[in-house]
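Here is what each chain is made of, one letter per residue.
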Amino acid sequence: MTPVRRLLTYLNPPSRSAYFFVAPSILLLLAFNLTPLIASFGLSLSSASMTLDRISFVGLEQFVRILSDARFLNSLKVTAILTLLEVPLQAFGAMVIGAMVANNSFWNKTLRAVYFLPIICSATVIGIMWRMILHSNVGFVTYALSLMGLGKINFLNSAQTTIFVVSFLSLWRSFGVSAIIYVTAVQQVNPSLYEAAQLDGAGRIRQFLNVTAPSIRPTFWFILMTRFAGSLQIFDIIYVTTGGGPNFTTESTVAYVYARAFASGGDMGYASAMSMVLFAFIMLVTVLLYRRMIRED
Amino acid sequence: MILSIHSTLRKAITWALVAALLLSCCGGAFASAGAEEPITIKFWNSFTGADGDQLVELVDRFNQSNAYGITVEMDISSSFSDQLTSALAAGTGPALVLMSNAMRYQFDGYLQDVSDVFAKTGLDQADFIQSYLDYCKDGEAMYLVPFQIVGFYLFWNKDLFTAAGLDPEKAPATWAEYETFAAKLTDASKNVYGSGLCYNYAYQLAHVIQRFGGLAVTQQDGKWQANLAGNAGYAKFLTSFKKMLDEGTNPLEADTDPMMTAGQIAMTVSGPWITGGLDTAGINYGIALLPQDDAGVMNSVEVLGFGVPTVATDAEKQAAYRFIQWWNTEDAQGSSPALEWALKNGFPAYTYSVQAKESYQSSEKLRITSSADPKAPTNFFVDSRFPDTGSMLMDVLAPMVQSIVFDNTDVNAALEAAQKTADGIVAGFNQ
Amino acid sequence: MDRQKKQPLWAAIPAQALLIVLAALVLLPLLWLVLSAFKPEKEIVSWPPTFWFRTFTLEHFATVDKRIDITRYLLNSVIFACGTTSLAVVVNSLAGYAYARMQFKGKNFLFLLTLATMMIPFQVIMVPSFLVVYKMGLYNTYLGLILPRVAVAASIFMMRAAFSGIPKELEDAARIDGLHEFGIFTRIMLPQVKSTLICMVVLSINGSWNDLLWPMLVATDTKMRTLANGLALFVGQHTIQYGAAFAGALISILPMLLLYLFGQRYFVEGMVGSGLKA
Numbered sequence: 001m002t003p004v005r006r007l008l009t010y011l012n013p014p015s016r017s018a019y020f021f022v023a024p025s026i027l028l029l030l031a032f033n034l035t036p037l038i039a040s041f042g043l044s045l046s047s048a049s050m051t052l053d054r055i056s057f058v059g060l061e062q063f064v065r066i067l068s069d070a071r072f073l074n075s076l077k078v079t080a081i082l083t084l085l086e087v088p089l090q091a092f093g094a095m096v097i098g099a100m101v102a103n104n105s106f107w108n109k110t111l112r113a114v115y116f117l118p119i120i121c122s123a124t125v126i127g128i129m130w131r132m133i134l135h136s137n138v139g140f141v142t143y144a145l146s147l148m149g150l151g152k153i154n155f156l157n158s159a160q161t162t163i164f165v166v167s168f169l170s171l172w173r174s175f176g177v178s179a180i181i182y183v184t185a186v187q188q189v190n191p192s193l194y195e196a197a198q199l200d201g202a203g204r205i206r207q208f209l210n211v212t213a214p215s216i217r218p219t220f221w222f223i224l225m226t227r228f229a230g231s232l233q234i235f236d237i238i239y240v241t242t243g244g245g246p247n248f249t250t251e252s253t254v255a256y257v258y259a260r261a262f263a264s265g266g267d268m269g270y271a272s273a274m275s276m277v278l279f280a281f282i283m284l285v286t287v288l289l290y291r292r293m294i295r296e297d
Numbered sequence: 001m002i003l004s005i006h007s008t009l010r011k012a013i014t015w016a017l018v019a020a021l022l023l024s025c026c027g028g029a030f031a032s033a034g035a036e037e038p039i040t041i042k043f044w045n046s047f048t049g050a051d052g053d054q055l056v057e058l059v060d061r062f063n064q065s066n067a068y069g070i071t072v073e074m075d076i077s078s079s080f081s082d083q084l085t086s087a088l089a090a091g092t093g094p095a096l097v098l099m100s101n102a103m104r105y106q107f108d109g110y111l112q113d114v115s116d117v118f119a120k121t122g123l124d125q126a127d128f129i130q131s132y133l134d135y136c137k138d139g140e141a142m143y144l145v146p147f148q149i150v151g152f153y154l155f156w157n158k159d160l161f162t163a164a165g166l167d168p169e170k171a172p173a174t175w176a177e178y179e180t181f182a183a184k185l186t187d188a189s190k191n192v193y194g195s196g197l198c199y200n201y202a203y204q205l206a207h208v209i210q211r212f213g214g215l216a217v218t219q220q221d222g223k224w225q226a227n228l229a230g231n232a233g234y235a236k237f238l239t240s241f242k243k244m245l246d247e248g249t250n251p252l253e254a255d256t257d258p259m260m261t262a263g264q265i266a267m268t269v270s271g272p273w274i275t276g277g278l279d280t281a282g283i284n285y286g287i288a289l290l291p292q293d294d295a296g297v298m299n300s301v302e303v304l305g306f307g308v309p310t311v312a313t314d315a316e317k318q319a320a321y322r323f324i325q326w327w328n329t330e331d332a333q334g335s336s337p338a339l340e341w342a343l344k345n346g347f348p349a350y351t352y353s354v355q356a357k358e359s360y361q362s363s364e365k366l367r368i369t370s371s372a373d374p375k376a377p378t379n380f381f382v383d384s385r386f387p388d389t390g391s392m393l394m395d396v397l398a399p400m401v402q403s404i405v406f407d408n409t410d411v412n413a414a415l416e417a418a419q420k421t422a423d424g425i426v427a428g429f430n431q
Numbered sequence: 001m002d003r004q005k006k007q008p009l010w011a012a013i014p015a016q017a018l019l020i021v022l023a024a025l026v027l028l029p030l031l032w033l034v035l036s037a038f039k040p041e042k043e044i045v046s047w048p049p050t051f052w053f054r055t056f057t058l059e060h061f062a063t064v065d066k067r068i069d070i071t072r073y074l075l076n077s078v079i080f081a082c083g084t085t086s087l088a089v090v091v092n093s094l095a096g097y098a099y100a101r102m103q104f105k106g107k108n109f110l111f112l113l114t115l116a117t118m119m120i121p122f123q124v125i126m127v128p129s130f131l132v133v134y135k136m137g138l139y140n141t142y143l144g145l146i147l148p149r150v151a152v153a154a155s156i157f158m159m160r161a162a163f164s165g166i167p168k169e170l171e172d173a174a175r176i177d178g179l180h181e182f183g184i185f186t187r188i189m190l191p192q193v194k195s196t197l198i199c200m201v202v203l204s205i206n207g208s209w210n211d212l213l214w215p216m217l218v219a220t221d222t223k224m225r226t227l228a229n230g231l232a233l234f235v236g237q238h239t240i241q242y243g244a245a246f247a248g249a250l251i252s253i254l255p256m257l258l259l260y261l262f263g264q265r266y267f268v269e270g271m272v273g274s275g276l277k278a
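Residue numbers (our numbering), protein chains in the order written: chain A, 1 to 297; chain B, 1 to 431; chain C, 1 to 278.
Mixed in with the good hints there might be a few duds.
To be verified - Taking lysine-lysine and the DSBU-like style, the derived pairs with C-alpha atoms no more than 35 Å apart in a straight line are:
no.	chain 1	residue 1	chain 2	residue 2
1	C	K168	B	K344
2	B	K344	C	K135
3	B	K344	C	K42
4	A	K152	B	K344
5	C	K42	B	K120
6	C	K42	B	K242
These aren't lab readings, by the way, just hints derived from the structure by calculation.
Bound-form chain A, shown alone (with noise of 0.2 Å):
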């Protein structure tokens, strides 16, 4: 053996080749975003503005500032109330829906490319479109409520319901790629084992449940923490809908630190803080899943 092929041979088994396989994704990863996010760490121990200027060091005095801090208690109330209207429904709806729109039909291929189509509209053109439909005095919504003789909702300037036009929309722009990727998911499930419920009898309500729901667990899991993720930094979808009003009610979190980070000076130490104490719930969040996710694997 020629010393190249030795070595390539030494670094064949997975327990060395692995690395190979992550070493360019890790690398990436530690450029473009691990090194921003310590240095995001750093900052929430200074006082920085928002070009990262008059950095000076202060300790925990940002930590402290949040306890007494109620637009930001305010704002992880909001991305709470978010994140629990629309996590289930990405995860379990959207995971039904994929699994009814799976096969290869004619029908099932045109649903799936309705669906889809919100998400390649771009924030600004979904938040002017739903801004106009959805108006309450001058929106097409509203005119269709009065010619069936319903009363007015004012979608977008209530501080009770706006909350849930802004879940809807977030729904509404990202439900159908859950969908999708469920369906990749449902059409790579082994046939045979489709055919084995079908020789026991099983329904399509129990081949869902028998074969399905438990063969595409791994994306289960997939959908659930990257929406988890997503959904606790909701963030684009409000700037361009509500701005986070009426009075704060739909404020989330990432939209607070946005608006502190850059208004007036931007306070961005202050900024800093906030998103790690963020990123601490969605990690703790991410952990549990992740460990109850490796126990099922």
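Guided by the hints, dock chains B and C onto chain A, whose structure is given.
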């Protein structure tokens, strides 16, 4: 080789690498484009929307006509502020920007003193209206050169006035009258509201509320102080606004512009930009100065100006000055870009010479927007020398109004809470 | 293949009704947007509002064409999207495979590290990220636009989920045949997850296509603007040109729609031709 890569994938990877290499080369080429010109300066602003079209046209004209070989590379960005922030953090960025004096504090320390613009260009300082220049100053230093004077005006729908039996040519002269008119103009059966004030539009509310209770921040014995708690004028406006919302003469609505355009609002307070939409929609409207109230005569404006960031070299700064000079210089026909801009957009001019032009005088829109008492104070919401107007608007005024509107907070309690926040902001500038 | 028994009518009707309602929720607003792109501005904002246009106009498309260099922006969007995606497919599927099917020291740590990158709001790391790109000399280059967007935790996770579902026997058989690890990955495993791969390609292209903020920061050169950025120009600080914005949206949606419809041909049933003896 033992690792015989699957050929398709190998091809894919090769292509990807080739593509990446090529792209990085292209990128380099684009970055250095225009090097053969004597000087190219970057000009960033946020004039998205229709007025951006005209700005593009004017900048093109400058690039073609200037004798210095200057190329102004303009980038209109919907994320102007984020873009500028990150560029400045890296020590790079444009040589020329447009920003509001209300935003200036955000980029504190990143703008060069431009007070020598008059000496360097021959522009006549005496031609510039002093109160607007004052906005751009911090002590002796000047950070912006006026570009656009943004005032808010009263716009009313004449047809709706006629329908309600009011004189279509007569705008309300006082806020008391405004309230009475609003009640008369409201017609719930037609989904028409008399008044169109937005509960979350801090800029709009600020222009109105200061007519009632004066400035939110003033200077006393060299110290800044906030004037919210116990401000009877503010309390009066807030009470009246809440009443209009409760009575349904003003909609509970964050987005009133489309309603004005659709003819569902009879009176609103806005800037000249609204006229574009109103003209397109064929609305028959009038413009008037804002009614005054207890705080006395005032002509509140925000000044948008040219700024030169600290990253600009002396040569770039000089080129930026040339552009500013060109903007304010008349051609053979007696027209200047500044004049064209005013005529097109309806913003009052900041120089006496432009205001004196015949075409300016004969514009109905400009005649009204420039008709304010020239001696009236032009401060917008706070003393114009106070650096952080933005925080006072977004963190003090907007939350205060919304807590009254949505939580039914008592007006005086809301003012006291706002005072506390404002004290915190003001204290930062008293050290 | 037919994997289902005929469904009883009582179950099929409500199920299909649900699917149709969902489709309507998606389609109606978009249809309104498409139709509005052909209405005069005055009609888009009017009371009572219209659904079908009363007056048909193409003026907004002319406005868009006059205001932005569509071909140039389109080209930039394509370069950005394709550059990112071609690299992303390689990088993310490699990593996803390793996390799904290989045992190595530090696996859990590295995977959690990867996941951690999707838990910090972009708005906070925006300025530091920009500084990294700038210091690497990638400011105003396509590479600066692309590289930071290649490795995506969610994509790695998605590939991991897809690879986890493949039966162990396949891999073992290949190993017995003497294939090395990379060969197992490219020849045996990748074809198994074709659907997910296509799905990732579509999502990655789409993500770059609609990305607004990052291209704005990194490519401030107007010649490098993408289509999504161009369209944001019609939404002013105070005024929105509804018609132009909708016309622009329509223009930017079309390529994505075609891509999806084209890509869907490849959303084939998974196990076909896998060589697995069931």
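Are there hints from earlier that the structure breaks, and if so, what are their numbers?
The structure conflicts with hints 1, 2, 4, 5, although it agrees with all the remaining ones.
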